[in-house]
Structures are given as C-alpha cells and as structure tokens.
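Protein chains: 2
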Amino acid sequence: MREAYHVELDELAGNLAKMSAQVATAMETATKALLDADLALAQRVIGDDAKVDDARAECEEQAYALLALQAPVATDLRTVLAVIHAAESLERMGDLALHVAKAARRRYPNNALPDVVRPYFSEMGEAVVSLARRTEEVIKSRDVDAARSLEADDDRVDEIHRHLFSVIMAKDWEFGVAAAVDITLLGRFYERYADHAVSVAKRMVFVATGKMPGYGPGDDF
Amino acid sequence: MREAYHVELDELAGNLAKMSAQVATAMETATKALLDADLALAQRVIGDDAKVDDARAECEEQAYALLALQAPVATDLRTVLAVIHAAESLERMGDLALHVAKAARRRYPNNALPDVVRPYFSEMGEAVVSLARRTEEVIKSRDVDAARSLEADDDRVDEIHRHLFSVIMAKDWEFGVAAAVDITLLGRFYERYADHAVSVAKRMVFVATGKMPGYGPGDDF
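Sequence lines, in order, name chains A and B.
The first sequence lines up with residues 1 to 221 when you count with full-length UniProt numbering.
The second sequence lines up with residues 1 to 221 when you count with full-length UniProt numbering.
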C-alpha cells in the first residue's frame, strides 16, 4: 500500500515538473513572438494553452484520487496539497504566457513594443523562463537552497518591471498612450509569472521542511 | 466522529464566508479611497490586509488538520479541497483591494483618476463588491443558481474594463501616459478581483454537484 502510494506520488510530482517545462516553453515562445512580431509562434502558444489546462486538471484529479484512496498524513499529505496548489500556479503561468502571445497577435503585423523597451522584455523573458526551468528542477530535487535562489531572479524581474514604468512615464516618452498601456500590461504579466514560479518553489520548500516561507515574521525568502 | 467532523466543516465554511466579507469590505473601502483621494481609508485597507492573510492561513491549517485527522472522502473531501482553493482566491482578492488602496495613497493628495473615468470605477467597484458579497452568500447556501448568476456581473465588469481601454486609447485622451498607466493597472485589479470571486463560486458549485464548471466543453457558466 505505502509502496504503491509513493510510486503514485512520484508520478504526480513528475507530472507537475512536466507542467513547469510546458509553461517555460510557452513563455519562451510567447516572448519570441512578442519581440519578433511572429504570428505563427503566437498562434502556437495560444493553441497549446489547452494542454496546460488539461495537465492541471489531470494533476488535480490524480491528487484527489490519492487523498481519497490513500488518506496520506504528515509529509505525504503536505506533498499532495502542495502539488494541488502548485498545479494552480502553473496553470496561471500558462495563462500569462497566453496573454503575452495574444498581445503579440493583437498588434501583428506591427510590433507591440517600441525598440526602446525591447531589451527590457528580452531580459525579463529570459529571467522568467529561467525561473520556470529552475522551478522544474526544484520540483524534482526538492532542494531548499535551489528554491531560495529563485528569489534573486524574482527581484531582478521586479527591478526591470519598476524601471519600465519610469521609462514609459518619462516626459520624453514619444510612443503614445496605446503603447504605454500595452507595456504596462505586458510588464505585469511577466512580473506575475515570476511571482507564481516563486510561489511554486515556496510550496516545495514547505514539502521539504514543513514550514511555509513567507507566512511568519522573519520567515520570508 | 462524523458528527464532530461536520461541525468542523461548517466552521471552516463559516470562516471562508467571513473572509469573503473581509475582502468585500476591503474593496469597498479601497474604491472609496480611490474615488475620494481619502488617505485615511487607503491606510485602513493597507493596515487590514494582514488580517486577510491570517484568516487564509487559519483556513488552510484548519483544512489540513481536517484532512489529516478525519481523512474525508467523496463530497466531504471535495468540500475541504474547495475551501483550500477558495481561501487562496480570497486572499488574492484581498491583495487586489490592497493594490487599489496603494494606488490611491501613491497619488495622494491628488486623485489618481481623472473625472472622466470616475463613473467607470465607481460602477466597477459596486459590481465587484456585490460579487464578493454574493460569493459570501453562495459559500453559506451552496446555491448553484446563485453561483451561476455571478457570471452576469462578471461580464458587466469585463465590459466596463474593455470600455475603459477605448477611453484611454482614444485620440482625444488628454490626461497623459501616467494617468493611463494607473487606469490600466487599476482596471486590471478590478477585473481580476471579479474573476477570483467567480472562481470561488465555481468551486462551491463543484462541492454541490461534483462537477467543476468550465473544465469541459459546454460545461462553462
């Protein structure tokens, strides 16, 4: 019984890691679609989003079945619940990649981004995709230190995000309100995506340590 | 055993309903702070957000204890898991009210909103607070029809949100990029808040019917 249970639990974590890989690829492709005004890439992300939603529904069903049939306790229970939460965050990351792809499609054949802000989005894209790929590793390894190291990348994303605001709100901004609105929303999609990646990593720390980081004073990372 | 279990489950649903009331009040107060550039109200929302976070942590702990000690199955298991998900959405709604309050504070003593868009935010505020208050009712009643009726209000919020974009992107927009950026983000906060309220209601439908609306073709509401 316990044996079968741990096989199922490993399978569940494996599916979650696969979801991380899916949403990393989605955001990588969406960013390329955005930077290059590439309609085919945007369509691919938009078409693939249903797969992420399906993967999430499958993870959740698997987790529910585990809870109902095996009634896990202690660390095992925490792991299953962490998977349920993480699957929700990962689905949301897929949605955010979808939003980026839709923004690229909406402005096609124009580029949604004026040249002056392209480097920021290129860097934010790389940072958040790296976050998602390392989240995949954390799900596999449950390495607490690796999870904590995600925080630095998230800080970098927040920094670029803040800087973007100063660029579009500067007096010499010459690309008008519509571009500023696009950039505002796009910046927020990347920032939220990074937050969700960190939240998945935090859940995995919770699994490994039994303590949820960020829920008590001094307990943040 | 079962008896005690149902008492605890009712208590858990009661705490969730209380969280709904908290985040409804938070958004109501934040909207007033935004519309009237009222710093004291904004500060109140900002100061109270920790209470929502605490309530969520408490709901989650209570749900974990229930799962570990009672190992519920079938509808009972679904209910506990729905509560865990709903508590996460409700905490997020509290965060979004916090963001609105912070936007009001950031622009104080100025008003963050030009007069021309105030009616839209006034109406969006009323619609989303009404959504949260009705979500509270749905949590208490588990009334499937009441949950479905939330969809119409959510559509109304989406409609105002879309219209806002056409206002700020119009050629005769005269309030500059900074105001447009504020309005873009604020509009998104209200729209996300409404989405989360609907998602909580959907979870409650899942509890009552065993089917998650929006997970299959034709199953959306």
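Hints are computed from structural coordinates only; laboratory data are not their basis.
Among the hints, a few may not be true.
[Stated by the list, open to error] FRET-style restraints, in silico, Cβ to Cβ:
#	chain 1	residue 1	chain 2	residue 2	range
1	A	Ala4	B	Arg106	50 to 58 Å
2	B	Ala40	A	Ala4	53 to 61 Å
3	A	Arg107	B	Tyr64	40 to 48 Å
4	B	Gly47	A	Ala21	35 to 43 Å
5	A	Ala57	B	Asp36	42 to 50 Å
6	B	Tyr64	A	Asp145	20 to 28 Å
7	B	Thr75	A	Glu174	25 to 33 Å
By construction, the Cβ of each residue, glycine as well, lies at the ideal position given by its N, Cα and C atoms.
Here is how each hint holds up against the structure:
no., hint, in the structure
1, A/Ala4 / B/Arg106: 50 to 58 Å, "holds (55 Å)"
2, B/Ala40 / A/Ala4: 53 to 61 Å, "holds (59 Å)"
3, A/Arg107 / B/Tyr64: 40 to 48 Å, "holds (46 Å)"
4, B/Gly47 / A/Ala21: 35 to 43 Å, "holds (41 Å)"
5, A/Ala57 / B/Asp36: 42 to 50 Å, "holds (44 Å)"
6, B/Tyr64 / A/Asp145: 20 to 28 Å, "holds (26 Å)"
7, B/Thr75 / A/Glu174: 25 to 33 Å, "violated (60 Å)"
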